[in-house]
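Under full-length UniProt numbering, the first residue of the sequence shown is numbered 1, with each subsequent residue one higher.
Taking lysine to any residue and the SDA-like style, the derived pairs with C-alpha atoms no more than 20 Å apart in a straight line are:
#1 K89 with D121
#2 K163 with A184
#3 K163 with E101
#4 K163 with E228
#5 K260 with R203
#6 K136 with D62
#7 K136 with N92
#8 K163 with P10
#9 K163 with G76
#10 K163 with V73
#11 K260 with R207
#12 K163 with E152
#13 K89 with S220
#14 K89 with H118
#15 K89 with V139
#16 K163 with G178
#17 K260 with V232
#18 K260 with D270
#19 K136 with L123
#20 K136 with D126
#21 K136 with H118
#22 K260 with Y275
#23 K89 with K136
#24 K260 with E221
#25 K163 with V93
#26 K163 with L97
#27 K89 with I234
#28 K163 with G229
#29 K89 with R186
#30 K260 with D272
#31 K136 with D121
#32 K136 with Y122
#33 K260 with F250
#34 K163 with V232
#35 K260 with T279
#36 K163 with D75
#37 K136 with E124
#38 K89 with R120
Rather than coming from a laboratory, the hints here were simulated on the basis of the structure.
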Amino acid sequence: MSDDFGMVEPQEGEAFGDEWEEIDVTDDAADRIARRRDRDFDEFRIRMKDADQFKVEQSVFDDATFAAIYKLVQDGYISAFGGPISTGKEANVYEALGAEETDVAVKIYRINASDFRHMRDYLEGDPRFESIGNDKGQVVRAWVRKEFANLERAERAGVRVPKPIAVQRNVLVMELVGLVEDRARRLSEVNVENPDTAYEVTREYMRRLHRAGLVHGDLSEYNLIIHEGELVVIDLGQAVTVHHPNAEEFLRRDCRNIAKFFQRQGADADPDSLYEFVTVDEETDEE
Numbered sequence: 001m002s003d004d005f006g007m008v009e010p011q012e013g014e015a016f017g018d019e020w021e022e023i024d025v026t027d028d029a030a031d032r033i034a035r036r037r038d039r040d041f042d043e044f045r046i047r048m049k050d051a052d053q054f055k056v057e058q059s060v061f062d063d064a065t066f067a068a069i070y071k072l073v074q075d076g077y078i079s080a081f082g083g084p085i086s087t088g089k090e091a092n093v094y095e096a097l098g099a100e101e102t103d104v105a106v107k108i109y110r111i112n113a114s115d116f117r118h119m120r121d122y123l124e125g126d127p128r129f130e131s132i133g134n135d136k137g138q139v140v141r142a143w144v145r146k147e148f149a150n151l152e153r154a155e156r157a158g159v160r161v162p163k164p165i166a167v168q169r170n171v172l173v174m175e176l177v178g179l180v181e182d183r184a185r186r187l188s189e190v191n192v193e194n195p196d197t198a199y200e201v202t203r204e205y206m207r208r209l210h211r212a213g214l215v216h217g218d219l220s221e222y223n224l225i226i227h228e229g230e231l232v233v234i235d236l237g238q239a240v241t242v243h244h245p246n247a248e249e250f251l252r253r254d255c256r257n258i259a260k261f262f263q264r265q266g267a268d269a270d271p272d273s274l275y276e277f278v279t280v281d282e283e284t285d286e287e
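Please model the complete structure; the sequences and the hints are all you need to start from.
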């Protein structure tokens with residue numbers, strides 16, 4: 001792995017405050033398309049089900065999921081599907097062609113297979129989801145919109161994350177970091193040649209997230225990837241606001257995971273010092 005790590009800059013604009021956008025999880029265009037079931041949509045659904053990469057997985061795609069993909073195609077966010085990049089218990093990620101011939105990643109959450117209780121733990125207490133009920137489909141849709149909103153906020157704060165592009169129901173379109181044949185590697189998979197530099201970048205990104213009002217909540221060497229000399233933070237679906245009742249617990253766990261990993265790599269890392277660095281008041285830090 002390269003010794004050099006670039007660090008992105010925060011975007012100019014208003015400072016972060018306590019404001020949090022309300023995230024609507026009621027029926028959207030995809031649900032309406034699925035209910036209407038016109039001829040064009042039926043033909044699209046059949047083509048998708050007949051595609052080679054979907055033959056063994058079509059049972060996880062309900063009509064509303066096909067409708068979400070259909071809407072994203074109509075809106076120009078997806079022009080062609082490729083093969084799977086990764087398959088997991090809760091979501092599959094596919095390579096696709098987006099607008100202007102760009103490669104994108106399409107993350108599709110399974111409504112029926114997702115860990116409902118796990119998601120509820122991270123949604124409850126988040127002021128953006130105070131009105132979320134117990135409907136499983138609504139919780140999964142909230143999770144996906146939360147991941148999209150978290151990626152937007154992290155990007156604004158100057159944290160290198162996959163650029164969020166579009167969201168529709170349980171489908172998220174984002175920047176593809178690396179290609180299937182040359183995929184970005186998780187830190188757990190590489191030899192970190194300069195662990196001190198990698199640690200400095202990681203802890204700075206953690207602090208920027210915190211100052212933007214977010215705690216990752218599941219940060220470790222498995223949610224940090226390296227591609228072309230950049231460290232990229234991924235999987236922000238579970239990230240919570242600093243107002244979440246378990247935010248401090250989640251942050252301390254992130255600090256322990258990151259410090260332990262970089263300690264094993266030979267870096268001078270300590271979980272308590274990392275926590276202090278991440279949470280230090282911005283005005284105090286400037287003195």
